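Asker: Sequences are here, hints too, so could you generate the full structure?
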Amino acid sequence: MRATIVGAGAIAHAHAHALAKIDGATLTGVVDVDHERAKKLAEAFGATSVGTDVGAALAAGDVDVLHVCTPPSVHLDAAVAALAAGVHVVLEKPPVLSLAEMDVLLAAEAASSAALTVIVQHRFGAGAVRLRDLIARGALGRPLVAVCDTLWFRAPAYYEVPWRGRWETEGGGTTMGHGIHQFDLLLSLLGPWSEVRAIAARQARDTETEDVSMALVTFDNGAVASVVNSTLSPRETSVVRIDTERATVELEHLYGYDDSHWTFTPAPGDDDAADLWVPDASAPESGHLGQLAPTYAAFAAGEPPPVSGAEARRTLELAAAIYRSAFTGETVRAGNIGPDDPFARSMEGSGAPWAGTPSEPPPGPAPAPTGRAR
Numbered sequence: 001m002r003a004t005i006v007g008a009g010a011i012a013h014a015h016a017h018a019l020a021k022i023d024g025a026t027l028t029g030v031v032d033v034d035h036e037r038a039k040k041l042a043e044a045f046g047a048t049s050v051g052t053d054v055g056a057a058l059a060a061g062d063v064d065v066l067h068v069c070t071p072p073s074v075h076l077d078a079a080v081a082a083l084a085a086g087v088h089v090v091l092e093k094p095p096v097l098s099l100a101e102m103d104v105l106l107a108a109e110a111a112s113s114a115a116l117t118v119i120v121q122h123r124f125g126a127g128a129v130r131l132r133d134l135i136a137r138g139a140l141g142r143p144l145v146a147v148c149d150t151l152w153f154r155a156p157a158y159y160e161v162p163w164r165g166r167w168e169t170e171g172g173g174t175t176m177g178h179g180i181h182q183f184d185l186l187l188s189l190l191g192p193w194s195e196v197r198a199i200a201a202r203q204a205r206d207t208e209t210e211d212v213s214m215a216l217v218t219f220d221n222g223a224v225a226s227v228v229n230s231t232l233s234p235r236e237t238s239v240v241r242i243d244t245e246r247a248t249v250e251l252e253h254l255y256g257y258d259d260s261h262w263t264f265t266p267a268p269g270d271d272d273a274a275d276l277w278v279p280d281a282s283a284p285e286s287g288h289l290g291q292l293a294p295t296y297a298a299f300a301a302g303e304p305p306p307v308s309g310a311e312a313r314r315t316l317e318l319a320a321a322i323y324r325s326a327f328t329g330e331t332v333r334a335g336n337i338g339p340d341d342p343f344a345r346s347m348e349g350s351g352a353p354w355a356g357t358p359s360e361p362p363p364g365p366a367p368a369p370t371g372r373a374r
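Residue numbers (full-length UniProt numbering): 1 to 374.
Simulated from the structure, these hints should not be mistaken for lab results.
Just so you know, not all the hints are guaranteed correct.
Stated by the list, open to error - Ranges of calculated distance between the beta carbons of each label pair, as one might list FRET restraints:
(1) THR331 / ASP271: 38 to 44 Å
(2) ASN221 / ASP271: 21 to 27 Å
(3) GLY356 / ALA301: 39 to 45 Å
Stated by the list, open to error - Think about it this way: if two alpha-carbon atoms lie no more than 30 Å apart in a straight line, the pair counts; the simulated DSS-like pairs of lysine-lysine are:
(4) LYS40 / LYS93
(5) LYS93 / LYS39
(6) LYS21 / LYS93
(7) LYS39 / LYS21
(8) LYS40 / LYS21
As the structure is a computational prediction, the values presented were derived from the model and not from experiment.
Every residue, glycine too, gets a C-beta built ideally from N, C-alpha and C.
Answerer: See the structure below:
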């Protein structure tokens, strides 16, 4: 299958490296508004076609799969154009800026002979596959309590890139752009969520969007989870922990994991539970290849990809619910955000509490104490 990547920035290299290892897949084209950047990526991976216009690349008729690796604000147009041309689409996350855009995308897929998928590579690591199976067949008992932390650090200079930190171009802040990786993994393990209560704040970065959010999420199966997303945390970590009736299973990593990043702790007195977790030292690190290899196999066979657009929408709906709860103070239940809701049209919804006010500058040194302590 012939692949074209649109958007030749950093994440495009992860796609190109994965494509190089998939039998029957060939990177043949690169498209970017910066022709030189497109040319460099094409030369590095042997692609023969270089351009600056997605429409022209699709019109040439030699694209089977379009990988959309651009900033989020231009995902929708590229994906819809590809689906209209009968070209499969692989979207980086966040897939689009809003639930309304996601519904446009799903309608375009329904009218197409091609399929859509969204990159959620953490679902495909060996540990996640193993844990998903154990939970699904009830081997660990009921899931009860979970923690999902994305504690990352992005310096102010990170947000000097014009499209970052803006509702219109990035869709949201750390919830949409960073935490979505981990809470998508959590959803894949625990299943559908039922309600959310959340807060969000702009603590330190000069952005329109939040730089921290915290949510309490209840799942259909009764499990409860805390979800924390931050770009203000100097000791960076990504954590998913699930406490079940028979064990605690923890994953701590940063941007990717292998089996050594997992910890399995049986409940006291349940000695047999330890036998349920069998690590695989040879398992590769989670990454794009783990998802793209079975995705290309599905495309080639005319079958649905392992992650559907509908699944990606459920993750996006959780992000929208976090924003809606944080900005309105209300508990948001799954399905509450209908097509006429402002939070369906934009993650900003009715407006962030800090909208129109400048971010606070970092505090200076504390003043020297004066007078007598009380």
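Asker: Hints broken by the structure, by number, lowest first?
Answerer: Per hint list: single violation, 3.
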